[in-house]
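**Student:** Letter by letter, the chains look like this.
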Amino acid sequence: MVGATHASPVSPVCQRTRPNSQLWLGVHLPTLGLEVCLRQLATDATDIVAVLVEDSRVIAMNDVAVSAGIMPGCSLATAVGICSELASFPRDANAEETRLHFLAEMALRFTSHVSLAEPDGLLLEVGRSLRLFGGLAALCEEVEALYRELGHELRLATADTPLAATVLARAGTSSLQAVPLACTHLDLGAIERFANMGVMRLGQVLALPAAELGQRFDPELLAYLDRLVGRVPDPQDLLVPTETFASVVHLVSSVQDGNALLFPVRRLAGELASWLASRRLGASEIIWTFTALHGEEASLAVRFARPRSDAGALFDHTRLSFEEFRPPSEVMSVSLKAESLRLLKTVTRPLLPEAPGAGIHADSAALELVDRLAARLGEDALHGIRMVDDHRPERAWGIRHVRQIHGKGGRPRQGTLPVRPIWLLPAPEPVRRGDFTLLGECERIETGWWDGAVARDYFVATARDGRQCWLFREERGDGKERWLLHGYFA
Amino acid sequence: MAISPESFAELHAVSNYSFLRGASHPEEIVQAAHALGYRAIAITDECSVAGVVKAHMAAQELGIKLIVGAEFHLETGAHLALLAPTRSAYGQLSTLITRARRRAPKGEYQLTVDDLAIAQECLALWIPGTGPFPDVLEAGRAVQSRCGKDLWILLELFREQDDLERAARALTLSTRLGVKVVASNGAVMHVAERKPLQDVLTAVRLKSSVHELGTGLHQNRERHLKPVSTLLEIYPQEMLDEAAAIAERCHFSMNELRYEYPRELVPMGFSPGAWLRRLTEEGAAKRWPDGIPAHVQELIEKELALIAELRYEFFFLTVEDIVRFARSRNILCQGRGSAANSTVCYCLGITEVDPARMHLLFERFVSKERNEPPDIDVDFEHERREEVIQYIYAKYGRHRAALAATLITYRLRSAIRDVGKALDFDASLLEVLAKSMAWWDDKSELAKRFVASGIDPKSRPVRQFLHLVRAIVGFPRHLSQHVGGFVISAGPLAELVPIENAAMEDRTVIQWDKDDLESLGLLKVDVLGLGMLTAIRKALAMLGQPPSAMAHIPPEDPATYAMLQKADSVGVFQVESRAQMSMLPRLKPENYYDLVIEVAIVRPGPIQGNMVHPYLRRRRGEEEPDYSSEAVKKVLERTLGIPIFQEQVIELAMVAAGFTAGEADGLRRAMAAWKRRGGLEKYERKLIEGMLERGYEQEFAERVWGQIQGFGEYGFPESHAASFALLVYVSAWLKRHHPAVFCCALLNSQPMGFYTPSQLVQDARAHGVEVRGADVQASGSDYRIESGAIRVGLRQVKGLREEAARRIESQQPFRDIDDLARRGHLEARELTVLARAGALESLSGHRHQAHWDAAGVARPTHLETAANGKQAPYRTEVALAAPAVGQEMLADYRYLGLTLGPHPMALLRSASEFRGCRSALELKDSRNGQFIEVAGVVTCRQRPSGPSGVVFMTLEDETGNSNIVVWNRVLHAFRPALLQSRLIAVKGVVEREGEVIHVLAGEVRNLSHLLAGLSDGMVAADQTAFRSRNFH
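Protein chains in written order, with our numbering: chain E, 68 to 557; chain H, 6 to 1037.
Keep in mind the hints are simulated off the structure, nothing from the lab. A few of these clues could be false.
Some chain H residues close to chain E (C-beta under 10 Å, calculated; not the full set) [stated by the list, open to error]:
id	residue
1	Leu218
2	Glu227
3	Ala508
4	Asp511
5	Thr761
6	Pro762
7	Thr837
8	Pro888
Nothing here was measured: the structure is a model prediction, and the numbers come from that model. All C-beta atoms in this analysis are idealised placements derived from N, C-alpha and C, irrespective of residue type, glycine included.
Same shape as in the complex, but just chain H (with noise of 0.2 Å):
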């Protein structure tokens, strides 16, 4: 028998798309089938094609076909695999796919015999089943009649004692149906020894364990891509030949899918670019209405040149079209992204960021050389995105416009728990190792883990177990939606790319994920909310200006600045977190673009990359900036030779390392996927040998290495800081001059930012604004602003629903508790509610009685109702005793979230545990190096990832907040008191840099008892009044 091993081609193979059951990636399949010379290679994952854009990169690179497909089990168990021969097909499959996912819940799916015959250009592989004959023929028969002419019967063997029968059975069919029969390795893995893997995978995927499932595992390792040498002893010839013939039939390639925007945008006589021209030219005469400065239009004829060449005219009239909708109904947003920064965008409203005043241009961010796709990411009122995406679907339709999925995938947690599950191990095993994987990468640390569990880490078990945790980290689990990136097409979107449904009811995903869009050059438009735009509108609104107001706010002031470089910034958009604004004073920001830096900087890019001190120190002219060329000053200038952005890195990797646009563009796009898929390692040695070859010093050419690296953690590019710099000004803006008002707004946008109501609200106190208590006789159902003073909102009352908060305030004010339950249609558990927050204490005197008060209110009947105001007045002979002060506050905390009274510190600081103890305020005289103890509530406790072992904590005091940095070494000493406390108090040596502040923990009291005596025996639940924020 001649031997060709060119004569095959895979033509059904699941990658781990077919999610818990494929145990290879699609480019792990791709690449194996290339070495083993196979002539083409098909994906044909369960009615899905999400991994085929990877496999697509893959052949690409290596020069073999791909071939897409699905397979599929149809609902009376026929089970069939169906290729797509040219783009028509292909449409057709994903038409097809779209179908049987749309009418099954998310992750499932439906299919019938006659729903086939949507794929008639489809060529099918149909694999027979074991049952009786007759009934197998008659499947057969049903398949064969939708299917057409382009039918096969697929022969699968899998050295099982039933091969010999399913051959003969096949050969009997074919002859019976007049089909030819083609072979396949039916693989579910490249290579044998994936095995386990998948044997964990199919165990995860039926909840049980390996041990368990018995006869449910597969008897051998046989589903694999075989040498074609092995293939010849299993099947005959000419069934190879055939596979191969078929792959020669195929001709659709994923080059072909192009994206065709709608054409819906552009009116009847215009062409795209000269409608663009003519809204940005209406844009511009807005914006400069005494005349357009001829910088300006130079710009605007530089860009809108650029955009003809790129043919990005679309891309910027649906932006602009979805922008203009949220104009319309006074929606505040605000764009970001390379795009965004341009002088069209600020024409088109798109953004309030003016490139020409802010020094920004448009060239820096879109490039034709760098060949990325333009990014527009549009942010709008976090409460009323929802409108802006409705107005999406019904402009365009659920049959043109989804979200992009993002792939969920195991991450270490994940994977060490399903697999520690799937191999029978101890529950209570598992969760110490899912929580020690900061020791993951620590070999010796880990081991000890295992030994203090009792087990032995060199056994084979925990061998096995380490590696397949570390096999299945990456694997796909799921397709989750995208948290606002729409595709919008001109035709129907489900022949470019099949639709499932999300989770979410009435939501609908696209089967790729935005690295799959990009790798296509297919462009999506991100619809995001942004708490911080809903704010600033409210802020506006209360101040009587319309949103567009946000455009006015007076530029550069003194004040401001002079506020955030004190670090008063708690609720100011992204300056406001603890390392925020620790960085605020050392940075000391006086202009729009050192905010544009104040943003970026405090990122794992630029911190990983020991640029934040070198930056900081040229800042203060403690050193001079130096270029090694006038290339590498271009870039870097603005930044004074520290590269910040993640687009400096990626300019530098072509100025200084020689890197190409294509070769740049890929290190973007790698960095971008690193944390999820890796392969960033590449780059590594070209960056650094081809910066050392142009004469920089190893050093620096590490550091940029690590902000790569860092960047990966999270990238962080300028033309999205800058976006983001304007919101800072505007929000601290509003802090300054109008902080009740601020305030207000924040509390009215709940939830959103880094701090609590109770937080927010305190802030607002130091800056000596009156708050008034939650009352049923003077609250609205918002906050509001009651003579320059804020008035807590029942909003803020925990469990109590909007609409009975809105009766309220419709018919304030009450004569007693008869009349509120009454005319305000209050159930008895929102009495309660409003009684435990103290919001009748206007009515009953204090929380007890109120709660008496609310219990005894007689359950109105209709006919009562009918009868208003006739009822007697609401009475009672009991007078309880009234609570503590301590119990008020508790139940405030408890119950509304924020308390006007003392704080716990304020009641506590005079006992005997608190002696010697500072306040937070006289933290603040301190000396470096001092040693001091501080106590306060736990207000948030923090434990970044890596192996240091590091905890931060704030106290909470009655004068303010004190920052504790908690190191290893205290850590195992102090562990359940730091772990668990809600009050606590810390001995240590003050740091201190100028105005930044922190305690070196070196001794630790778990105070917590003592909020509950606060209580008086109050029930021990009172004390989850102090849950703290922690992360883990």
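Chain E with its partners taken away, still in its complex shape (with noise of 0.2 Å):
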């Protein structure tokens, strides 16, 4: 909404009394929170009138909405009331602080001591990228032309140290003076105790007695003040840039066989297993390249089920997919890629060994399992069945890819599972009554008004050649009624 202000370097309050002082940059993304939500739509955001919501009420939106008459604060029920059209987004803090993380790492290539001014700022030590950046206006046009191409608003603001430098970008003043106090990082209640005394911004607390602040105020107030304006030190937490591990082995001379390769393979691999381990993390796919002498490459990528960090599991896998996977031949390096990477949960083994197949031991050896089918018979190729929660039987199971069936699954709510063939038929086939003996009572499903209803009478049977069926009775548009064969049991 508004565009970039540029506070000048330095303010009157922050002189740069240290002889190795510092030069901090504040950037401050006013609407991130809803930039973050209109990222997910699909269509150019321009014209709909979109709010970001949060306990009922809006807390930013749009220039469409302002201009629509919404105003911030009001209640959800209000915004609909103005614009029933508007389209409206809970807050999601997790997304934004995601978002921020990223647009943190982004600024790496400004300068390495990046740090995060949570909720939505950022901040960046420029003292020694001036000079390569061409100075700061140069510098400031780069930062502002890289955010907004990554589509957010942004307000900057320079200082001596890095709380000014985020306050004077929220307020968008040069002027430490000048900044209201809402700005800041005091807290609500201290804001409104302050503006009970008529104290607005800054200048005027500035002018206070410490003293009396002090007697008046939590103790953390004067220190605030101090870090502000540089009366101590206020050091910052660096951005430590996400990590992946990558490694290659060259290869002294070209190798033609497969199975030769797998010698330099199981050495990357005993090399990402200490590398994961002694981080902690472990990687969920792994993606090798195979160089050949004339620049030719071919890339394999091999999945695991749970993150792994053990160098036979990863070994393991790999060699698995090997036998359909064709290298290019006269491979002359190796290199390895692991960037899906997760913090392994620590798994607290049982005291006393179980019965096989109880508990973890068996959820761990299905997805071993799962893990070595992948591998052989391609990702693809694996499914499995998923119980669904719904009285009618053709929607009371589902395929799903392997890699989801496990978890939460949909078994029915009730006590005891009703009894189903095993094999349903793709749909229903009309069938003669006459060909089938009926055995036992039928049992009416008789459901889901609300996106396909079924109104059958189910019956089990035998067929003629013998075979236990599932026919079900139902009524025809015109009043009579038919037979559907839906199953076998056996």
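Put the two chains together into one complex, using the hints given.
**Tutor:** Listed below in structure tokens is the structure:
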């Protein structure tokens, strides 16, 4: 909504007092929350009325919403009353945090000293980057261009201390004196108490005698003011870039034989395993790249059902995948990359060995099998059957990709499972009633009025050939009934 | 197999009083059972008989036997239904329900198998579980050992996969336990077509949606009442015959329930009639100390005879006892209602309306022909009603006194929300739909709403949604407590009706609402709270008078009526609303009976019946009253031939449309229940045809019908208006002759009435009353009179507890802020709220400094408190700048709720935005049709329901109020401004009728930002200081 505001590098309050002084660039992203939500939309969101909602109140909105007359802080109900076509997004703090991390990593191109000013700001120490980027103005232009390209509004400000840079960027001013207290890090209670005293801006607070302030406010307030103006140092947590593993083995001579490649593969797998272990990480996918003499390349991705870190598993699954894989001839180098890494959960082993097939072992055994089959047959060949909680037989199960069948299942919530045939036909087939002998009572299923109504009387029956099958009777449109075969028990 | 349709009775059916489970009204179940030729029908709601009265009324009409019962899930998981074969078994059932409900939180119950022993005489139907057989057998034995010999196994087959297994199990258990098996539909709905609704109710109950619930829903639609021929395909004949045989054993009818009044009200040696006569004569001697006039004595005799004939003595004695208690505690009260307007009630002190003087006739209100139960509501001071309630509990005990229930049912708005959620509709779409209820009856507009939301209104989900919403409206959701309707009995009340816990702690409610009580002819006493009585008592006390002085206010004071005729009625009971204010100058009340009409005429009944203008025309002599017959003249003469009161309409139905007394009573009851349950339609044709036959004009007949529907919206009878009119007069007299005291009393009785303290204070100042600000050095906890002026009480300080205010009052005056904190025992938070409200200015100078000083008060330790007076005086080096006038004003509004400084409009008027705007005072001199612009703070925004879409607004400026009317077209064009602004300018045309002036809005500007500007950057939250009263 508001363009980038450049504050002059030095504000009167924060004189450069130390010889080795730093210069902090504060980046404020005023509409990050809404921008994060709008990224989800497939279309260009310039003409929709979009509001961000937290606790049923509108906390941010786009320009279209502003011109529609919606005001910040109004209830969602009021907003809907003003514009019934609005798109409302619940605030997603997690997504904002993830995005902020991403944006922070992007800033590493400007300086190695990047830190987060949560929830919607970044801090860049740019003192040592100025020369490289041709001065502050040029640097600011690049920062602005980068984030605009990524779809974000922003405001910039510079100052000697990180806190000052942040509050100036939030306030969109170059004078620390003029910064409204609402733009500082003071909690709402303190801001309100100052407001009660007619104290609205930082300048007024800084003019009050510290001793009397200390009597009336938390001691943290004075410490905060000291860090703000640089009377005490304010070390920042530097952003540590997300790590990935990449390693290459260059072969002394080209290798023709696939099996011979297993040797460097085993070595890289071992390297990765110890690298992962030291970081308590596991890889859920690793990518091998084999480069041939003339630059020809082939890649092999190996995936795991759960993150792995042990050399044995990393190597075994790669070997199995190798059987389906044609490496180029005359391989000169093998590289291994592991990018999708997860923090390993500590597994508490049971004290006594459990019976095979029980608990955690059974689960990891099943996952192990899935990995092995997938490695041999390919990911797409594996499917699982999953139960779905529905009375209608054709909807009571579903095929899912093998990787999705674990976790919470869709078992019916009522105690016992109903008796159902093992083989359900893809679609019920019309049959003649006379060809079957009905066994037992009917089971009536009449439900699904909301997305596909059925009204059927099911029977277990014997066919002429002696096979046990599952029939049902239903009414046709003309009021007559018809019989259909839905499955076989054996 | 012989099919005999007579051979079945349904013994296990739940209605929608098994909340969010049963999908049919009790009446529907009874009607369906009758249509299917069942011999009898049992309603067995879960631990409840809340629906049986409705079922009983329907069964009586159709002539089918109703069996009263209830079903229970025991703590052990066992499931059974109990039926009441006799009156004493019913008492046991009711006691059992009471026990189960009283030990659980509201809406739940807890029952152990041992509890069943108290319902020995009930017939028990046990539904075996599906667990391991030995466990089930054990459970059966446990039930059997408590229930005695009258136990059956209830078999319910729903064409599910385990039917055979269940049937086999029932038979095995039957052999093992030696009891018979009986068949049932296990109905949760009367017809299979209710299944979607039943699914939706399940989803609402489980806070889920039909998509998510899957097998949590029943797999088919079998749980309904089925034809006997179908049942014969499922069950053997003897299981059906057994049901009929059980039904044969049930003889209890709800008609047997008789209410017995508490006997302790009549001393030994007196009959109730003789005791009532004695009390009446004692009262009469006090009312007429110089001797009872002959015509009064005659009235008393006539009334006592009527009361004796209808056997209402105990009812009058019960009310008299409660009122006597109130009087003994100086609690002001006033009765109203049909029986209240009697000479007997006047003598008993139940009401202060002297019926002889006011020309009101008891017979007009209580008539033996009309078969209405007597109606006396007693209003008490709202702050002290609890004392009266506690007296009733203490006198009769909780086992003999309880509040009637109020049934909370689905309204359109809640139906839209719940059905929508159950169908997984998007939350913001539901918000739109719930907001646009006015469109609900306009199908094309509703369709447009859906289209605008990108949804096809003809699609299946939308059609299902609309159908289900309409079906669920009127369904009961839960029982709540009636505002004050007490049922008091001679014996344990729980043997008459189950008692359960209300949401409020220490409150209990019975399972029937007032319609049920009326259907059964049971009486209740309404103990209600009324703020105006509190205010009148406080005003009288300030004038040095006891509550009883209300009776001695000089009657028919011309100055009081002159004030009311000018619509100068802020704070006056009932006639202070905007609609009443515009009626006063037109009706120009000049005596008590005019006030009775004034109170009753601004109501939906007369308005929807288009009776207001004809009445006013006749009153002004522009039209002659005409009566089609002597009978009609008798009914309508006192209102110039125009029916105004509910009683007149009922009487008109009798004399002009040929209704019998019974039919008229039915009409009255249908009117009262129409909004909740419908059922008024069947009287429409009868009334209109009856009137046409008797030579009335079609147009008049239709107007009377419209009025009946209006009374259904909000019934208002003359008998209530008569009592209210007395309070109108008394409060108006106080306002006219003691404006400061009256305003002070109103302020000390908040919250009550239509106006905020700010508006009341402004009105008092407009009448020349001086008002002084809240000040820790001078204010009491309450408002008080200080040499003729009103001193704002510390109760007005938002967030200050009453004890703190009283401590301050008792320790005044204070040396400085430290002294205040120490001797007033005030915490930092309390000092802050005082500083915010400006109550520390006499110590600190202004608000900013007060906050600084309050924050700097040293926290006293216990030692220091002991060594009181030794500490050094408070000191600070800091002198903060004073707040601007606008800031002071905003803080006044926000933390005190009123300002004595300038009105915001006075501060802003010179701004260019207001060039050309007229003040509220100038508006008074405008011509009809004149083009004008006014501006002010929005104090009231009202949007009456109905498709018209009109919005009424009240704007306040430094000179008074302006009334704005916004029509739909303008509303659409200026929607955001109209819905959100706190400060607004409106251009429009003056519509003037005598003293009544409106501005019809044409163009609107939202100027709220100027209010924010006044605060010069104060925190945004300050804008909430100007919250208008919004009604949607």
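**Student:** The structure should be examined with respect to each hint, and the outcome stated for every one.
**Tutor:** Quick rundown of the hints versus the structure:
no.: 1; hint: Leu218; result: holds, 8 Å
no.: 2; hint: Glu227; result: holds, 6 Å
no.: 3; hint: Ala508; result: violated, 24 Å
no.: 4; hint: Asp511; result: violated, 33 Å
no.: 5; hint: Thr761; result: violated, 22 Å
no.: 6; hint: Pro762; result: violated, 22 Å
no.: 7; hint: Thr837; result: holds, 7 Å
no.: 8; hint: Pro888; result: holds, 6 Å
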